[in-house]
Amino acid sequence: MESKLANGLKLLYIPKKTKISSGLGDRLPEAYKKFYKEWRHKVPEPVYFKAKPGKWTKDEKTGAVIPVQNIPIPLKYPKTMHSGIWGGEAVVQGFKQSGKYKSRVPHFWTPTLKKSVVYSEILNKYMSTTVTERALDVINKNYGLDHYLLKTAACDLRTTLSLKIKRQILMALRDKTLYADDKVKQQEVYDKYKHYLENYTHEEIEWYGLTFDQALLKMQDIDELNEKKEPLKAKYRLELIEELKNSNLTVEENKSWLNKLNPFN
Amino acid sequence: MDGILRNFSKLLSVQSPIHQFNRTLIILKRRHPVQLQKKNSKHKPILKGRHFIYDVVESPERMKKEKIDVILTQYVEGLGHQGEVVSVRPTYAYDQLLLPKLAIYASPDNLEHMKNNLYQIKDEEKPSSIHALQTAKYLKKMVVSVSMNKDEPWTIEPWHIRVSLRKMNVHVLSDDSIELPEHPISGPDFTLEGKSFVVYITINKKEKVPVECNLHHWSTKLADRLPRTKFFTRPPISILPEQTELLMSMRGNTNNN
Numbered sequence: 001m002e003s004k005l006a007n008g009l010k011l012l013y014i015p016k017k018t019k020i021s022s023g024l025g026d027r028l029p030e031a032y033k034k035f036y037k038e039w040r041h042k043v044p045e046p047v048y049f050k051a052k053p054g055k056w057t058k059d060e061k062t063g064a065v066i067p068v069q070n071i072p073i074p075l076k077y078p079k080t081m082h083s084g085i086w087g088g089e090a091v092v093q094g095f096k097q098s099g100k101y102k103s104r105v106p107h108f109w110t111p112t113l114k115k116s117v118v119y120s121e122i123l124n125k126y127m128s129t130t131v132t133e134r135a136l137d138v139i140n141k142n143y144g145l146d147h148y149l150l151k152t153a154a155c156d157l158r159t160t161l162s163l164k165i166k167r168q169i170l171m172a173l174r175d176k177t178l179y180a181d182d183k184v185k186q187q188e189v190y191d192k193y194k195h196y197l198e199n200y201t202h203e204e205i206e207w208y209g210l211t212f213d214q215a216l217l218k219m220q221d222i223d224e225l226n227e228k229k230e231p232l233k234a235k236y237r238l239e240l241i242e243e244l245k246n247s248n249l250t251v252e253e254n255k256s257w258l259n260k261l262n263p264f265n
Numbered sequence: 001m002d003g004i005l006r007n008f009s010k011l012l013s014v015q016s017p018i019h020q021f022n023r024t025l026i027i028l029k030r031r032h033p034v035q036l037q038k039k040n041s042k043h044k045p046i047l048k049g050r051h052f053i054y055d056v057v058e059s060p061e062r063m064k065k066e067k068i069d070v071i072l073t074q075y076v077e078g079l080g081h082q083g084e085v086v087s088v089r090p091t092y093a094y095d096q097l098l099l100p101k102l103a104i105y106a107s108p109d110n111l112e113h114m115k116n117n118l119y120q121i122k123d124e125e126k127p128s129s130i131h132a133l134q135t136a137k138y139l140k141k142m143v144v145s146v147s148m149n150k151d152e153p154w155t156i157e158p159w160h161i162r163v164s165l166r167k168m169n170v171h172v173l174s175d176d177s178i179e180l181p182e183h184p185i186s187g188p189d190f191t192l193e194g195k196s197f198v199v200y201i202t203i204n205k206k207e208k209v210p211v212e213c214n215l216h217h218w219s220t221k222l223a224d225r226l227p228r229t230k231f232f233t234r235p236p237i238s239i240l241p242e243q244t245e246l247l248m249s250m251r252g253n254t255n256n257n
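Chain order of the listed sequences is A and B. The first sequence stops at residue 265 when you use this note's numbering, and every number in between is there. The second sequence stops at residue 257 when you use this note's numbering, and every number in between is there.
What the hints contain is simulated information worked out from the structure, not anything from laboratory work. Check the hints yourself; a few may be wrong.
To be verified - Label-pair ranges, simulated between beta-carbon atoms:
no., chain 1, residue 1, chain 2, residue 2, range
1, A, Y77, B, K126, 32 to 38 Å
2, B, K42, A, G23, 18 to 24 Å
3, A, K76, B, L111, 56 to 62 Å
4, B, H131, A, P74, 21 to 27 Å
5, A, K61, B, K42, 28 to 34 Å
Where a beta carbon is used, it is the ideal one built from N, C-alpha and C, also for glycine.
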């Protein structure tokens, strides 16, 4: 009985509408949808709080066993973050309260930004960007920018700039366009990073790291290429010629008596 | 959102204003815990206003950062030889060593490479110590004042130079490491007053550095002393004609630096 009820409830469940499941976004390829889910729907690693380990805890006062639920602190993602590498940091909006009977005061916890340079070994490029202290820390911990970007999921990178760099790195690895003039160095660097390519197919890399709007534009371009647009004029002309060829009709002469009259005789 | 950022935080503040609050990454905690949510629920957790009151538990970025290990790919003055593993503060390592490619990360792969002596060089090619080249640079910039007696006759010997250097807080341990010019300089001779000559000092029996010395006549009687001059800023006049070019080139280098 209960199982049947549960089945019935399943039928009632309608998945929530998202950008990639409704409208134009629904037509995007699976490869992009996979990336989009990794970027926007996956829950990022905790940055501003320490997650409690384990499944159950005991209440300190009563000793009652209660499940552990790590509810993440909601983060705000400002537009300016997309021009830098923030390493998972964002803005926290909340309140401060100095005492139990004091009124709570609104407060924003924002990261400290600084201008610095990052270096990518695969692209062999120095890039001047805005970074946070945590971003540099994580780059150091992962032994370099390339390892950090390739290891980390899109939801933790978050910013479009870091995703763009990751996309270029992946494309360079896939097409082997790195160090085009130095074959020995190319092979050395490629061997170092090639194990990251196992996680992606050729098409997934093609669609990786694009924003939603960029993906739509890309899809539009592909559609235009596929359907060759020819003017209808040409089509109709061909049709008419075909029709005329097939028809056995000869043009009948006008047998009216007026034709016999020649005024210039 | 951007407006809020502009008003509430001093983002990208290059110059530090008077009220600089060094707010960095922090660990927060809710003052009022959220009630238990439904198991496996697909809805967002229900959060009330009180759940947005946060307490700062700790701010790890304010603490002193732990040192990280790097492998030097090149000799770095005052730090280490090529192929050496050194542990330095992360900011210094990133800005000064890793970005200009003076060093690489001490990752397991790189350490494995290092075991195969990829980054090692022979002892003969190394500088004698990590501070040797720094010391050489320091000595090259110096102009040592050698004070000699105005009344008694003398000829310049290595110990004169040693004592003059000691007055400038450079302690030469042995007279053997001081090499005087071949032509002896003797006095008292007032034509030599304020003129320069070059001696060579050998660091750790390896690096040979030319040092400029300026001759000065000094008397024990207060009334007989010559006036003080800024000999270290004047263009040098050589006592020995063969050293003129060397002296000029040494001063030229220091001026450029």
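Could you tell me which of the numbered hints above are not met by this structure, giving the numbers in increasing order? Of the numbered hints given earlier, those the structure breaks are 1, 3 and 4, listed in rising order.
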